[in-house]
Amino acid sequence: MRLSRYFLSILREVPKEAEIVSHRLMLRAGLIRQEAAGIYAWLPLGFRVLQKITQIVREEMDRVGAVELLMPTLQLADLWRQTGRYDAYGPEMLRISDRHKRELLYGPTNEEMITEIFSAYVRSYKDLPKLLYHIQWKFRDELRPRFGVMRGREFLMKDAYSFDVDEAAARISYNKMFVAYLRIFARMGLKAIPVRAETGPIGGNLSHEFIILAETGESAVYCDSGILDLPVPGPDMDYEHDLEPLIGDWTNFYAATGDVHDAARFERETQASKRIHTRGIEVGQVFYFGEKYSKPMRALITHADGSERPFQGGSYGVGVSRLAGAIIEASHDENGIIWPESVAPFKAGIADLKPGDPATGQVCEEIYASLQKAGVEVLYDDTGERPGAKFARLDLIGLPYQIIVGPKSLAEGTVELKVRATGARKNLPAAAAIGHLAGR
-3 MRLSRYFLSI LREVPKEAEI VSHRLMLRAG LIRQEAAGIY AWLPLGFRVL
47 QKITQIVREE MDRVGAVELL MPTLQLADLW RQTGRYDAYG PEMLRISDRH
97 KRELLYGPTN EEMITEIFSA YVRSYKDLPK LLYHIQWKFR DELRPRFGVM
147 RGREFLMKDA YSFDVDEAAA RISYNKMFVA YLRIFARMGL KAIPVRAETG
197 PIGGNLSHEF IILAETGESA VYCDSGILDL PVPGPDMDYE HDLEPLIGDW
247 TNFYAATGDV HDAARFERET QASKRIHTRG IEVGQVFYFG EKYSKPMRAL
297 ITHADGSERP FQGGSYGVGV SRLAGAIIEA SHDENGIIWP ESVAPFKAGI
347 ADLKPGDPAT GQVCEEIYAS LQKAGVEVLY DDTGERPGAK FARLDLIGLP
397 YQIIVGPKSL AEGTVELKVR ATGARKNLPA AAAIGHLAGR
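Quick note: the sequence shown uses our numbering, first residue -3, plus one each step.
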């Protein structure tokens, strides 16, 4: 993409309303624009990041055997009345009525709807287990939306739901999703640790939050530093094998949010030198809630002995839009964002340091065409701005690599390749720089 044709608006001033790094950088780098309190338009650069995050989530859900569908944003209030959550949920729920006076709500989550959909088609134990998921916009009317996409009112979520015949089978599904979450966050360059957590309005008696350690996080976190050294399973992970030993590795270390923290146990189970007390950003949560929804909604499964019993359910959420902010919180410097390659809007940026010069222009065009042909996503800064402005913009938007083409390096037969994360620079022939980025 040529920058002269792209829609990218950089803010020179730090927005006064932005309290944390990710909010400031997302506004300054032209990723988002606030349209109302806690509601954002995703501008082209930010939308590309959102799509990359979504694709990683989708690939790992598919890998674990989950099946994608799409549920609507609006739900009937009567569905939620069946479980008692319509009145219990509180003012965070946006309640509306259509022209026929039917009561609706803008879904903050989908347990009731997926239970209704599932029970309309599945009645036998022979059809279980099942994992279903969707990626959809949600709305929670936060009293004080703040921190940009980290605590907005409208947000993009991946919700998955498991359906099993009994608790033992449900825990197998829970373990699969637990491991899938480790992989999702690792692929985005994040070290997310699972911590025991309250189930909140979702309900149930077993839940883990996946937390990125960050001082700007909303939750207090207490953990053993040993959990940070555990290896994340690779892409060849076999989800049909017994996952309990792996789950045990991750849950044997003490790790808890402030609302379930046990100070005495923390001191008893961890060495003083390994105790971490910090804050964290929640990026996902898994729940096992058993019959919480299937029982009141009469979602019954016929078992082998002919009896009918409610299925055992679980719910698994990933904050897709929130992850964009969380990644920035974990990966930035004083000059701007440092995107991990897996979620970067473009892999590389090209900067022509002498616009209008035939030599630099020709080399830039050749590099641009070669990278596009090789399938490398590239942003070519072909504008007439001065070099300093181009350098600052490329650093701010955080593309993993920069190719800098100027008369001085060309006189030596090279271009400069800069790695954004480390600042490392080296001069290479243009063909070698292209080969490096194209993986040749």
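If you are wondering where the hints come from, they were derived from the structure by calculation, not from laboratory data. Every residue, glycine too, gets a C-beta built ideally from N, C-alpha and C. Treat the hints with care, as some may be off.
For lysine-lysine, the following DSS-like pairs were computed, each having C-alpha atoms within a straight-line distance of at most 25 Å [stated by the list, open to error]:
1) Lys369 to Lys187
2) Lys343 to Lys126
3) Lys343 to Lys122
Have a look at the derived ranges for each label pair, beta carbon to beta carbon [what the hints assert, rightly or not]:
4) Tyr2 to Arg382: 13 to 21 Å
5) Pro354 to Arg1: 20 to 28 Å
6) Asp234 to Ile92: 41 to 49 Å
7) Gly185 to Gly380: 43 to 51 Å
8) Gly254 to Val415: 47 to 55 Å
9) Gly185 to Arg382: 52 to 60 Å
10) Pro87 to Val228: 24 to 32 Å
Checked hints:
At most 25 Å may separate the alpha-carbon atoms for a hinted pair to count; lysine 369 and lysine 187 exceed this at roughly 34 Å. Simply put, lysine 343 and lysine 126 have alpha-carbon atoms about 37 Å apart, too far for the 25 Å limit, and the pair is violated. In summary, the hint linking lysine 343 to lysine 122 is not supported, as the alpha carbons are separated by about 46 Å, beyond the 25 Å threshold. Range check, tyrosine 2 to arginine 382: about 19 Å between beta-carbon atoms, so the 13 to 21 Å window is met.
Roughly 21 Å separates the CB atoms of proline 354 and arginine 1, a value that falls within the hinted 20 to 28 Å. Here the CB-CB span from aspartate 234 to isoleucine 92 is close to 46 Å, well matched to the stated 41 to 49 Å. Range check, glycine 185 to glycine 380: Cβ separation about 34 Å, and the 43 to 51 Å hint is violated. At roughly 38 Å, the beta carbons of glycine 254 and valine 415 sit outside the given window of 47 to 55 Å.
Remark: the range hint 52 to 60 Å for glycine 185 to arginine 382 is contradicted by a beta-carbon distance near 32 Å. Judged by the Cβ atoms, the range 24 to 32 Å given for proline 87 and valine 228 is violated: they are separated by roughly 39 Å.
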